[in-house]
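Engineer: Listed below, chain by chain, are the residues.
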Amino acid sequence: SQQGEEDPQALSIQEGENATMNCSYKTSINNLQWYRQNSGRGLVHLILIRSNEREKHSGRLRVTLDTSKKSSSLLITASRAADTASYFCATDGITGNQFYFGTGTSLTVIP
Amino acid sequence: NAGVTQTPKFQVLKTGQSMTLQCAQDMNHNSMYWYRQDPGMGLRLIYYSASEGTTDKGEVPNGYNVSRLNKREFSLRLESAAPSQTSVYFCASSGWSVSTEAFFGQGTRLTVV
Numbered sequence: 797s798q799q800g801e802e803d804p805q806a807l808s809i810q811e812g813e814n815a816t817m818n819c820s821y822k823t824s825i826n827n828l829q830w831y832r833q834n835s836g837r838g839l840v841h842l843i844l845i846r847s848n849e850r851e852k853h854s855g856r857l858r859v860t861l862d863t864s865k866k867s868s869s870l871l872i873t874a875s876r877a878a879d880t881a882s883y884f885c886a887t888d889g890i891t892g893n894q895f896y897f898g899t900g901t902s903l904t905v906i907p
Numbered sequence: 042n043a044g045v046t047q048t049p050k051f052q053v054l055k056t057g058q059s060m061t062l063q064c065a066q067d068m069n070h071n072s073m074y075w076y077r078q079d080p081g082m083g084l085r086l087i088y089y090s091a092s093e094g095t096t097d098k099g100e101v102p103n104g105y106n107v108s109r110l111n112k113r114e115f116s117l118r119l120e121s122a123a124p125s126q127t128s129v130y131f132c133a134s135s136g137w138s139v140s141t142e143a144f145f146g147q148g149t150r151l152t153v154v
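For the protein sequence lines, the chains are A and B, in the order given.
Counting with the working numbering, you get residues 797 to 907 for the letters of the first sequence.
Counting with the working numbering, you get residues 42 to 154 for the letters of the second sequence.
Hints should not be assumed to be uniformly reliable.
Claimed, not checked - Now the in silico label distances, taken between C-beta atoms and shown as ranges:
no., chain 1, residue 1, chain 2, residue 2, range
1, B, T152, A, N814, 37 to 45 Å
2, A, N814, B, L110, 44 to 52 Å
3, A, N814, B, Q58, 45 to 53 Å
4, A, S864, B, G94, 35 to 43 Å
5, B, T48, A, N848, 23 to 31 Å
6, B, N106, A, R856, 36 to 44 Å
7, A, S808, B, T48, 30 to 38 Å
8, B, T152, A, G812, 35 to 43 Å
9, A, E851, B, V154, 33 to 41 Å
10, B, G104, A, R856, 38 to 46 Å
11, A, E849, B, K55, 13 to 21 Å
The hints are simulated quantities; they were obtained by calculation from the structure and are not laboratory data.
A quick note: this is a predicted structure, and the numbers were derived from the prediction, not measured.
We treat Cβ as the ideally placed atom computed from N, Cα and C, and that holds for glycine.
In isolation and in its complexed conformation, chain B is listed as follows:
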């Protein structure tokens, strides 16, 4: 099993450009998450989807949108990239509740110039 797959692994954007980060999981998990990781800040939750068809804001949702396309896929979109969005982005998934562990993708390193 692949687990959680994120694409792309690396991306450089110019300020104002848009892009979508893709995430797919093959573990039949209900919940999926998008985090950003910045030096000294740990991981901060951007958006999450507790189940197919639902999405909710996390700690730092501004500047982002998400789509839970189906049970497997959860995408993160930057409509107009800003240098402050330079970060490493991680997608994760988990079972029915947070009483189970989260599985993480390998991350997308995004640079906005």
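For reference, chain A alone in the conformation it holds in the complex:
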């Protein structure tokens, strides 16, 4: 399988705290993306980081990428109850024609 893995599988924090989730993947990549999935809904794109980038910011999101370790992290700062969702990383695979998703981190933000 080319799937990556997110860690932790589940995370519960208080509103206002920061949430960090990690993604490990198996193959060389061109890009890595993070998506959010609210319960019962489709996935929504959050941020894309290219293989030649080490860090990227978008609003309260900060993504890092370490291609030597084949890992990425997503940091959500000052979390809100509305951030409660599952978060998935996605890589573009060896041929670059597909998106391969990890197993996801379920984040619960307690008001």
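Knowing the structure of chain A, use the given hints to seat chain B on it.
Structural biologist: For chain B alone, coordinates are given in the frame of chain A:
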């Protein structure tokens, strides 16, 4: 714009029945994808179509067939449904390459009894 539209939203099949899941996108995207999502397994790629007229197998293609009817539409067919195909199915589309984001439909919850 509707984005990616999947039909139906829910379906119950008996083992051995067939059905087709429909997907259409209105964003003029070249690439389209079918995924299944199972608890603890994340999303697994079933088939994808990099452009109109081409389809390729993903990670878990067995038991499924696809048709890229035109640039807008990409259907997934279960010829003889099995309980192991009980899952939530998502269709997605993206631009020219995976350097762009994927847009997802709302999913089809399929139960095979």
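Engineer: What hints, given by number in increasing order, does this structure fail?
Structural biologist: 5, 9 and 11
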